[in-house]
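If you read the protein sequences in the order shown, they are chains E and H. The numbering of the first sequence is our numbering, which starts it at 1 and goes up by one. The numbering of the second sequence is our numbering, which starts it at 1001 and goes up by one.
These are calculated hints, taken from the structure and not from any lab test. Treat the numbers as computed from the prediction; the structure is a model and nothing was measured. Treat each hint with caution, since some may be false.
[To be verified] Listed next, the in silico DSS-like pairs over lysine-lysine satisfying Cα-Cα at most 25 Å (straight line):
(1) E:Lys204 / E:Lys370
(2) E:Lys55 / E:Lys75
(3) E:Lys112 / E:Lys148
(4) E:Lys112 / E:Lys55
(5) E:Lys55 / E:Lys148
(6) H:Lys1018 / E:Lys204
(7) E:Lys371 / H:Lys1018
(8) E:Lys370 / H:Lys1018
(9) H:Lys1018 / H:Lys1381
(10) E:Lys339 / E:Lys174
(11) E:Lys204 / H:Lys1136
(12) E:Lys371 / E:Lys204
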Amino acid sequence: MMLAALIRKEAREILRDPITLGTAIFLPLVLLFLFGYGVTLDVEDVPMAVYDQDKSQDSARLVEAFTRSGYFRLKHDLDSVRQLGDVMDRGQATLALIIPHDFSEDLRAGNKATVQIILDGTFSATALIVSNYATAIVNRYSTETAVKALAARGAPPLPHVTAVSRVWYNAPMKSVNYIVPGLFAVLLMAFPPMLTALSIVREKERGTIEQIYVSPVSSPTFILGKIIPYGAIAFLEMLLILSVGTLWFHIPFQGSLMLLLATSLLYVLVTVGIGVFVSTITRTQLAAMLLSLLITLMPSFLFSGFLFPIASMPYLFQFYTYFFPARYFNDISRDIFLKGLGLEYLWGNVALLLAYTVILFVLASLRFRKKVA
Amino acid sequence: MIGETCIRVAGLGRRFRKSWAIRGVNLEIRRGELFGIVGPDGAGKTTLIQSLCAILDPTEGNVTVDGLDSVRDAAAITSRLGYMSQAYSLYEDLTVEENLEFFAEIRGIPSPLFAQRKQRLLEFSGLAPFLDRRTKHLSGGMQKKLALCCNLVHEPDILILDEPNLGVDPVSRRQLWRMLRGYHAQGNTVILATSYMDEAGQCDRMAFLLQGQLLACDKPETFGDDLETVFKAHAAPARTVAGLPFAARAADGNAIEVQGLTRRFGDFTAVDGISFTVKRGEIFGFLGPNGSGKSTTIRMLCGLLPPSTGEATVAGVDVARRPEDARRGIGYMSQRFSLYLDLTAAENIEFFGRVYGLDSATLSARMQWVIAMAGLGGHEKSLTRDLSGALRQRLALGCALLHQPEVLFLDEPTSGVDPASREAFWRLIRVIADAGAAVFVTTHYLAEAENCHRVAFIDRGSILCIDAPQRLQELHGGATLEDVFIQLMEHAA
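Isolated chain E, as found in the complex (with noise of 0.2 Å):
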């Protein structure tokens, strides 16, 4: 058999070299832990300064209640204005709060009472979070005060509504339920392709592929021997990784194991596919591996909704999205983990990686040709 003859050269090939064996196994476990640990949105401890120029009960409540909330943590007493630039400035405050001498003199009165609020809105995105935070903390001061002042008075209560909000999929809001998911998608996509087109375009700078075009081997024959030896690698990367993932990391399992296996063994076909695609149009190594990292790795980064959700890009951006197949399987692995969906919602995004896998084969097959030029 041919082709059981090219994938035990294959597996031989790659058992002996550590370097292929080392980045298909060891380096997506190094980035598993360096995103599981490093990469998080979630807002927490973000310091904060405080001029309270009131230095009343009143205003220490009101620090009581951002540094009791668990999202604030007071790192600065300020007594100047100069000083709250200078800590902003060196980045030593996201958020700076500054209480006015009469702040309790007017709560006392009845009047409104004004505080400011400083923000560090360098990243746009913590700085939206952590606003809509102060504010809450706040309102809620406000209304408390309120109450209690009217209590105070022996009036009746004010009529208030309370949102009573409960979080689906992801209860505990934290970012690493929907990092690791979303990183099988990117990891899968960053090493298997760039292994496999290597593996081919090393065959052509050493001459070996010359004798494979006076063999009788045909291209689909060549092709499949390259695919199943790196798929197999790679699904068992995907499955390292989604077991160090969910264990180590204790990530919640809500959807069945087998949908997301299947899933990934097809998404496995089209990350090695795109390899063997680009080993067709390339002739060295150092090509193949930039203009791997070029269509895999960078794209599955930035447009597979892994970091930066698509919904909130700009319309043509989302379009583009759809290129990548990192993005059908980061919605697949998802959905199953943080969502239990089955086939009969993921269908969609599983015939887009069928077919994008069926068009991968024929352009290889096609463009792979027993010619030396």
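Given chain E, work out where chain H should sit, using these hints.
For chain H alone, kept in the frame of chain E given last:
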């Protein structure tokens, strides 16, 4: 034994971008022939061979093998032929046995038949003791033999080889040639490109390519008695070599002194206590089979590799202690020619001149000389990758001479270069030596080693003998240096 026509080439032309690699080639090769393709570098030998193998489509004309067209029926053609390319065709991380097995399997050889053939091929090639060795740990000669075995394992009717003996030592070359003759004697068609005229002379017929044109195709005898001379007459006009612009130095004393030089890699002793001296103005040949320690020695003498024990003084400097100083007096040209392929010829010269700290005036004077010497006029602005092998070789030599070295090391400088260019190259070497530089050269072409004042034979890290080529022939009773070499090696083995 020679039968009907099996390969027919009609009006074949192949263009790469704007230039034609071959054009207007008409050729018929008959079944059972031993057919040689010769020609200088860049003549289009590889292009012709790849077209015959149906892995390169013609731009015009056509190639038919057993009546099959090389474009339409490529698969049917390739299934009946064996092709040994010039490039490395083995999987280096696989063992000898695994490579053989792989090539048998992709050719669909059933395993009992494979076992039978493997046995015979291993005995035939002398590879049997190395069955479990990874291919990358084999010497160059053994790799070539294995590559040939990988092609013989499916017993193709037609065997096509592209310079199978390039960079192979004389002993391995003789064994390879014996294997080819044996296969041909079984009635198979064998076609090979070669730059060894003695091989071409043994072919039934040979085709002589020049600048992409088929100049002649006939029995070797009809080309005259001495193929090498015929070839040179055809190939390139003898160019006069401009003298060195460098002042000749006093040619007294030793340029290289080596005493008990040894290099070990783990348990393996690559170079084992060798001693010799090379005088200024002397051309010293360093000869030995692949893997005998030649390159290791050169690398130690250039200060690229520290010796395990022993001393080496080059151009008056102890290379082990002060490799940086020693390198100033050394010119080095490796078989890979160490040029930047993406720079133009002139840019390469400028770069190497600057690296050696030449000032602009000196650099421009020497650049002129290198361009004249290498015959690069008109190619100064060509990318080095587009130059022919012979031009690249002379450019690399020029770059190695820019800083006026006292000692010039040449590691297989003529590998893969045609006979005419090789001779021009040796004329240059003599001029350089006459100017007072010591030249230390390794080569597999023993005919050219006769240009050396003295030669040393090295085998498995030890020097077997050192003397003038003439003296060695007298002492060992061989007609040529190649006979002496083979005698010595077979004795040693």
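Going through the hints against the structure:
no. : hint                  : verdict
1   : E:Lys204 / E:Lys370   : holds (11 Å)
2   : E:Lys55 / E:Lys75     : holds (17 Å)
3   : E:Lys112 / E:Lys148   : holds (15 Å)
4   : E:Lys112 / E:Lys55    : holds (18 Å)
5   : E:Lys55 / E:Lys148    : holds (20 Å)
6   : H:Lys1018 / E:Lys204  : holds (23 Å)
7   : E:Lys371 / H:Lys1018  : holds (19 Å)
8   : E:Lys370 / H:Lys1018  : holds (23 Å)
9   : H:Lys1018 / H:Lys1381 : holds (17 Å)
10  : E:Lys339 / E:Lys174   : holds (15 Å)
11  : E:Lys204 / H:Lys1136  : holds (17 Å)
12  : E:Lys371 / E:Lys204   : holds (11 Å)
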